[in-house]
Amino acid sequence: MRHDERVPLDPISRRPVDDHPSVARAVLTVTGEDRPGVTARLFSALADGDGAPVEVVDVEQVVVHGHLVLGVVVAASPTAGAVPEPEPVFVARLVDLAARVADETGMDVQVEAASSGGSPPLPGRPHHVIVLGRPVPPDAVAGAARAIAGIGGNIDAIRRLSDYPVTSFELTVSGADATTLRTRLAAVAAATGADIAVEQVGLARRSKRLIVLDVDSTLVRGEVIDELAARAGRAAEVARITAAAMNGELDFAESLRARVAVLAGLPVEVLDEVREALVLTPGARTLIRTLQRLGFRCGIVSGGFTQITEPLAETLGLDFSAANTLEVVDGKLTGGLVGEIVDRPGKARALARFAEQYGIPLDQTVAVGDGANDLDMLNAAGLGIAFNAKPFVREQAHTALNQPYLDAVLQVLGFTRDEVLDAAP
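The sequence shown begins at 1 in full-length UniProt numbering and counts up one residue at a time.
No lab work stands behind these hints, which were simulated from the structure alone. These numbers were taken from a predicted model, which means no experiment stands behind them. Among these hints, one or two may not hold up.
Using 20 Å as the maximum straight-line C-alpha spacing, the simulated SDA-like pairs for lysine to any residue come out as follows [to be verified]:
id, residue 1, residue 2
1, Lys390, Asp272
2, Lys390, Pro345
3, Lys390, Gly193
4, Lys390, Lys332
5, Lys332, Arg231
6, Lys332, Asp272
7, Lys332, Glu273
8, Lys332, Thr306
9, Lys332, Gly193
10, Lys390, Arg234
11, Lys332, Val262
12, Lys390, Glu249
13, Lys390, Arg231
14, Lys332, Asn402
15, Lys332, Pro345
Build the full structure now, drawing on both the sequences and the hints.
The structure is reproduced here in structure tokens:
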């Protein structure tokens, strides 16, 4: 094996700046109307350094509605055997440099001493806090900020993820316990009407590669079983059973058999009528199209019926589907089911089966649903999202969305509006 002879195999050992408490530091803050070349000019000036080298310790830049804020922490480059440059001399040198950059760029450039190195990092894993709304009320952001500070956390950064169909902001938070953070922010969400989701910072967030969607009241509006019952003249009775099952008051498999039994005698053509009348939840196509273009496997796992879900999956170009199958004899529904029942544990088994089929670990999967029969699936996935769910479900899922748009799931996953548009055909 050969290597570039210009690059030594054993680089010269050198202590990092952070190990030199006596090294002078400074913070340069650049603000003003954004324009091309500002960042390049500042760093070019720092590279020149008036003959004395500096090191870049930290950088953060953001543009808010055309207004640039650029912060750079620099340190006097430590040289072996040399006396460290005094902080006043270092800062004075940078003040002159900043004045030249300001004159040349028309920006405001401020310099402050920062030899202390700033506050030490807070303990614990950082988290992303996503605040969503139509619009996001100021008291939601204020409440979230107070809640975070109240448990000893700190907001390290804020960025906007989207302005349509919902407005969403992502806060990067350090120093807060995950369980306490979720509990406090859930109270803020309930009080302000905003959605607030919490996810741990790390590669796992962007490593998700498979999503499973519930169908009734998630991918589509309404409940298919209720539509079928209406055609059998038993709508009110079945609606009561459905509501109790979705709230976790009844065993799902038992309630499913009871509801299916009232369909006995309906002609099989009724299934076609109901399927053609389905209305997708707003944002459903955008969610699926975007995730597929980003490399996700997308599918549905439903406590409904294959006679509905399989054509739906084909229409949407989904990778997989699982549901129950209504028994049909002589062109009529018998009121029974055939095959394995896809109930609450059955949904979780289906998620695991599809993840294994595509060689994707469960912690890289996402599940979205609204009912109690979705809970095992939501908790088995790497991220379980309760979508416009019953309170019983919202309290137990990893996070909850109460927006009318299914593609708001993209912001919970950390995708920006620009990324969604880039994934459009």
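Hints, one by one, checked against the model:
no. : hint             : verdict
1   : Lys390 to Asp272 : violated, 29 Å
2   : Lys390 to Pro345 : holds, 18 Å
3   : Lys390 to Gly193 : holds, 15 Å
4   : Lys390 to Lys332 : violated, 34 Å
5   : Lys332 to Arg231 : holds, 13 Å
6   : Lys332 to Asp272 : holds, 13 Å
7   : Lys332 to Glu273 : holds, 14 Å
8   : Lys332 to Thr306 : holds, 16 Å
9   : Lys332 to Gly193 : violated, 46 Å
10  : Lys390 to Arg234 : violated, 24 Å
11  : Lys332 to Val262 : holds, 13 Å
12  : Lys390 to Glu249 : holds, 12 Å
13  : Lys390 to Arg231 : violated, 26 Å
14  : Lys332 to Asn402 : violated, 38 Å
15  : Lys332 to Pro345 : violated, 29 Å
The structure fails hints 1, 4, 9, 10, 13, 14, 15 (numbered hints given earlier, in ascending order).
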